[in-house]
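Trainee: Chains as they are written, first to last, in the numbering used here: chain A, 87 to 348; chain B, 87 to 348.
Since the hints were made in silico from the structure, they are not lab data. Hints may be right or wrong, so weigh each one.
A pair counts as met if it fits within one copy or between any two copies, since identical chains are not told apart.
Stated by the list, open to error - Here are the simulated DSS-like pairs of lysine-lysine, each with C-alpha atoms no more than 30 angstroms apart in a straight line:
{"id": "1", "residue 1": "K340", "residue 2": "K177"}
{"id": "2", "residue 1": "K89", "residue 2": "K266"}
{"id": "3", "residue 1": "K340", "residue 2": "K146"}
{"id": "4", "residue 1": "K264", "residue 2": "K89"}
{"id": "5", "residue 1": "K193", "residue 2": "K340"}
{"id": "6", "residue 1": "K338", "residue 2": "K193"}
{"id": "7", "residue 1": "K146", "residue 2": "K332"}
{"id": "8", "residue 1": "K315", "residue 2": "K266"}
{"id": "9", "residue 1": "K340", "residue 2": "K266"}
{"id": "10", "residue 1": "K279", "residue 2": "K193"}
{"id": "11", "residue 1": "K146", "residue 2": "K338"}
{"id": "12", "residue 1": "K146", "residue 2": "K315"}
{"id": "13", "residue 1": "K266", "residue 2": "K177"}
2 protein chains.
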Amino acid sequence: MVKKIILLTNDDGIEAKGIKTLYNALVRNGNWDIWIVAPDRERSAVGHAITVFDPISVKKEFIDGIFCGYAVDGTPADCVKLAIAAIFERKPDLLISGINRGANVGKNIIYSGTVSAATEGTIYNVPSIAVSMNNLKDTDYTFAAEFTKNIANLLLNSGSLPERMLLNINIPDASADKIKGVKVTYQSGMAFKDVFIKREDPRGREYYWMNGELAEAEEDENNDYTALKNNYISITPIQHDMTDYKRLDYFKVKLNLFKLNE
Amino acid sequence: MVKKIILLTNDDGIEAKGIKTLYNALVRNGNWDIWIVAPDRERSAVGHAITVFDPISVKKEFIDGIFCGYAVDGTPADCVKLAIAAIFERKPDLLISGINRGANVGKNIIYSGTVSAATEGTIYNVPSIAVSMNNLKDTDYTFAAEFTKNIANLLLNSGSLPERMLLNINIPDASADKIKGVKVTYQSGMAFKDVFIKREDPRGREYYWMNGELAEAEEDENNDYTALKNNYISITPIQHDMTDYKRLDYFKVKLNLFKLNE
């Protein structure tokens, strides 16, 4: 029997603690092969950027005695494109992006390299999951890695997965006995509040530092923000048709198409 | 009466022909003030990247004798954040991102700096539109600019706009008499087919060039791809809740929450 293949990537870089811990948990299972293609350095907040005007270097490296992987001088989305369209001969059976340092819930997933890598997987119709830990600093990823392994097992052994499956998983930074369970959630409206700090350089030229503050969001036990806050693991199925179907007819009237079409 | 304010930005850079032509069309109306905050150079395919680890320089410049604007050493999303949260004292009434060199339809809008700038506007609840021309090379933007001015007029004079309004407009590169009309469309599944060209540098290290090819998509007179192909102006209302609502219940069963929650 051909072994299933899991493609690992992230946006914190190939040497990040999250991806190493995840690899260690997955490799102990042994029922799959694991490919690793990840940025050669931290690439957070790159959104769904891709590199089209520069060459992208790819180096096979042995990382900290743990795994061999491809270190890419590019974005998380670049890594996934390269893995699937250039480096390997076949598609992986599952893509896992993470484990990310910091939650990806609410509107902020639009900025997330972690989620964009998983999204890129679904564009190639590879079932994909993004996994993030609710702590902006490195912490103990052991439980999160074990949970992710269980999800991978469950998905890979449960028959066919739906087309373009994309799960955005966020894990509380708490000990296993404090975690209350798992919830399938919807994406909340949580957004960072942008704060800019204005400075002048020695020649009097202006520049800014961006410094986001976490904003509150509406509480609803079924959204990602609230589930995570209450120590539930949040799993949000996402998709990328952004059409605002509810308002199609509204805009047909509002935009006065008859007049515009004259 | 306080004049309405339009914020212009783009991803081709503050000196691009598209934004200059758009400004020239808008300024002839005179019923609004125009602010310009745009990247200091081309920032295509950056997706929704934001700059969080580096300072962002902002210079007020007089561009080609046409307009005064803020040139930002950052991404399109950075420009919008800076304009709204740092540079100006009040919110604009409408944000226009464009006119972009190249269409933004189908799945490719996820990579688009043009669309991400407009998305960022809606995060601040500023009604926003992205405008793109269906030609990857600079062309005559006069008709597109006039059309955009008419849309701006229509929107700003039609009473209150819906919360988080975001329109993705694509304009055929054809003379006015060849354009068949306007369609309110949904986002098609059109995606680039990624092609990587593998090279070696003089020291034998591998690198890749990404070279996307336009792929065909399903034809449906109501999607963005088909409308544009048939010389209609396509207007797709989009939104950014990516929750896959249709599959929430499916995943509740599939993920066997009872077991995971034990």
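Trainee: Hint by hint, note whether the structure agrees.
Mentor: How the hints compare with the structure:
Within a single copy, K340 and K177 get their C-alpha atoms only as close as 45 angstroms, which misses the 30 angstroms cut-off; across copies the closest is 23 angstroms, which meets it. Taking the shortest alpha-carbon separations for K89 and K266, neither the intra-copy value of 34 angstroms nor the inter-copy value of 53 angstroms comes in at or below 30 angstroms. For the homomeric pair K340 and K146, neither the shortest alpha-carbon distance inside one copy (55 angstroms) nor that between copies (36 angstroms) is at most 30 angstroms. Proximity of K264 to K89 under the C-alpha cut-off of 30 angstroms is found in neither arrangement, the shortest distances being 35 angstroms within a copy and 55 angstroms between copies.
Taking identical chains as interchangeable, the C-alpha atoms of K193 and K340 lie at most 30 angstroms apart whether they share a chain (27 angstroms) or sit on different chains (26 angstroms). Proximity of K338 and K193 under a CA criterion of 30 angstroms is satisfied in both settings, with 27 angstroms inside one chain copy and 22 angstroms between copies. Taking identical chains as interchangeable, the C-alpha atoms of K146 and K332 are never at most 30 angstroms apart, the minima being 47 angstroms within one chain and 40 angstroms between chains. In this homomeric assembly, K315 and K266 come within 30 angstroms of each other (Cα to Cα) only inside a single copy, at 11 angstroms, whereas the closest approach across copies is 52 angstroms.
For the homomeric pair K340 and K266, the shortest alpha-carbon distance between copies (20 angstroms) is at most 30 angstroms, but the shortest distance inside one copy (47 angstroms) is not. For the homomeric pair K279 and K193, the shortest alpha-carbon distances inside one copy (11 angstroms) and between copies (28 angstroms) are both at most 30 angstroms. Taking identical chains as interchangeable, the C-alpha atoms of K146 and K338 are never at most 30 angstroms apart, the minima being 53 angstroms within one chain and 39 angstroms between chains. In the homo-oligomer, the alpha carbons of K146 and K315 never lie at most 30 angstroms apart, since the shortest distance is 39 angstroms inside one protomer and 42 angstroms across protomers.
Proximity of K266 and K177 under a CA criterion of 30 angstroms is satisfied in neither setting, with 35 angstroms inside one chain copy and 42 angstroms between copies.
In summary, the structure is inconsistent with hints 2, 3, 4, 7, 11, 12, 13 from the numbered list given earlier, while agreeing with the others.
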